[in-house]
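One line per chain: the protein sequences are Z and R, in this order.
Just so we're aligned: 37 in the UniProt record's numbering is position 37 of the first sequence, and the numbers increase by one with no gaps anywhere.
Just so we're aligned: 68 in the UniProt record's numbering is position 68 of the second sequence, and the numbers increase by one with no gaps anywhere.
These aren't lab readings, by the way, just hints derived from the structure by calculation.
Just to be clear, a hint being listed does not mean it is correct.
[Unchecked claim] Partner residues aside, some chain R positions facing chain Z, computed with beta carbon under 7 Å: (1) Tyr413; (2) Leu416; (3) Glu470; (4) Val471; (5) Ala474; (6) Arg475.
Predicted, not measured: the structure shown is a model, and the values here were computed from it.
Every residue gets a Cβ at the ideal spot worked out from N, C-alpha and C, and that includes glycine.
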Amino acid sequence: MNVPVELKYSREHEWVRVEGNRAIIGITDFAQESMGDIVFVELPSVGDTVEAEEPFGVVESVKTASDLYAPVSGEVVEVNNEPVDAPEVINQDPYGKGWMIVVEMSDPSQLENLLSAEQYKAMVEEQA
Amino acid sequence: MTEKLIFELGSPGRRGVEFPAGDVPATALHELLPREYLREQSPPLPEVGELDAVRHYVRLSRMNFGVDVGFYPLGSCTMKYNPKVAEDAAALNGFANLHPYQPAELSQGALRLMYETQQDLAEITGMDAFTLQPAAGAHGEMTGMLMIKAYLESKGETGRTKVIVPDSAHGTNPATATLCGFQVVEVKSDERGGVDLAALKQVLGPDVAALMLTNPSTLGLFEDHIIEIADLVHRAGGLLYYDGANLNAIMGYARPGDMGFDVVHLNLHKTFGTPHGGGGPGAGPVGVKAELEPFLPKPVVIKQGDSYLLDYKRPQSIGRVKAFYGNFGVVVKAYTYLRALGGRGLKQVSEFAVLNANYLMKRLSNHLRIPYRRVCMHEFVASPPRECKERGIKTLDIAKRLLDYGYHPPTVYFPLIVEEAIMIEPTETESKETLDRFADSLIKVLEEARENPETLKNAPYTTPVRRLDEVAAARKPVLGWFPE
Chain Z
1 MNVPVELKYS REHEWVRVEG NRAIIGITDF AQESMGDIVF VELPSVGDTV
51 EAEEPFGVVE SVKTASDLYA PVSGEVVEVN NEPVDAPEVI NQDPYGKGWM
101 IVVEMSDPSQ LENLLSAEQY KAMVEEQA
Chain R
1 MTEKLIFELG SPGRRGVEFP AGDVPATALH ELLPREYLRE QSPPLPEVGE
51 LDAVRHYVRL SRMNFGVDVG FYPLGSCTMK YNPKVAEDAA ALNGFANLHP
101 YQPAELSQGA LRLMYETQQD LAEITGMDAF TLQPAAGAHG EMTGMLMIKA
151 YLESKGETGR TKVIVPDSAH GTNPATATLC GFQVVEVKSD ERGGVDLAAL
201 KQVLGPDVAA LMLTNPSTLG LFEDHIIEIA DLVHRAGGLL YYDGANLNAI
251 MGYARPGDMG FDVVHLNLHK TFGTPHGGGG PGAGPVGVKA ELEPFLPKPV
301 VIKQGDSYLL DYKRPQSIGR VKAFYGNFGV VVKAYTYLRA LGGRGLKQVS
351 EFAVLNANYL MKRLSNHLRI PYRRVCMHEF VASPPRECKE RGIKTLDIAK
401 RLLDYGYHPP TVYFPLIVEE AIMIEPTETE SKETLDRFAD SLIKVLEEAR
451 ENPETLKNAP YTTPVRRLDE VAAARKPVLG WFPE
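Bound-form chain Z, shown alone (with noise of 0.2 Å):
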């Protein structure tokens, strides 16, 4: 299970890469590896809000159907279409290629309430 140190994670397993006022936010590898083959991610539109805790999408592999969870609250100012029309990237590359969203966060101290990579890995064994 790959979990870079890096990124903050959230409990509904998405990531987020932090850079200034922006967070890229994006699924685990963990979560990919669980949902199995995906075949249909629907994302939000640039200029849509986002509210912490709230679903901002969905993702769905032959198994089963997620919501996506937005980690941190704010504005969409940026959304990767690569998922959308190919899914099979969110699989093959969950932290590079198969990011979803970026979000101009509207209070960027939610990011304390996220997990770090340790706490993030430290989860998911308990879990399993």
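Place chain R on chain Z using the hints.
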């Protein structure tokens, strides 16, 4: 053994039947319809003789798997045997050839049957009134939630916009709530598989319209805090909606109405022995407590003196939800089932459903991981043993291998809260011998998983087609056939 499509059989110009020449004057199509509505080419219809058509469909039917062929422990779906006597009753001339526009005074038998079915379902569930109109379970859910909405609006409670759904719920529950314009709030399950009361208390408030609950839950567990849950929801001003998918586990033992539910839907095909989807159509009757009765879809069958009639004078009704009176033929089958079993028989249905599930769970409990170690109801949820994970064996591989042993696999990957879930529901209609054979087969498959995992990864071997590529089917579905 594969079968070509009917379009690929036959030969151009071949016909199954020859029509006699028409005895009315022919009119050219373009004189009847504007040109833009006429197709330019004939559709590529199959061109086969009668015998080839018959053989094609008979061959396909022999590839089909149903309860009449073998054991079908598909959890949550209740694939039990439907007694053939119900088909006999539904085929009776007076029922099968009854016209929906036939006046009430000439349809007294049919109306009486509907009335008595409403009464029986009300007694079994502890509700006050029923509609038989909805055509399926999910349709019943929608009907029920629209009634809740209408009821709340009639009381001026327009601020109740949220519906609470547990994380183990059927996917149709949040879908229904959303479709009816509510916002869905999920509550987590506790470590015993029930509703987490602390989490429920946190989300209850003046904005909550209802809690949708299945009891027993989709984990096959009885929600023993139900009275407390009902009390909490009612005190917060919300209503309780009962998803009757699992009523087959509690008939004659417990009633949703007594647990505090205000609205229930039933799936006649799960509990009352009518055919499932493919053999449908279905029926999803909805029952309500007296306070919600004015909102039932109209017409409702009522009794006045000795005669039965269709009551349309219901100003607060949410209106019709189905043409005519629902799928009447299905109701005839359920009525037959109710009358053939009677009260004691129905109680035995639930007793055997629960006994069979517990027997199988016990027999398999040293071979599968059982996350909730409690007495189960009519079904149970398990995960494959750890060594499967180590060998890269997924639940899907086990399910596929069971096909080679002649079984329809159990439900897999549901409920979502159990890792690699396998959900087994034997139903009450199976004998101990069948349950033992199935348990032996599943144990053998798990042995194969340890000793020769490749056998499972490439399964099935004996079916008309081998492992299907589900990923390609979802990512690049081919939904039509076109001549080359």
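Run through the hints listed earlier and report the numbers of any the structure violates, in increasing order. none
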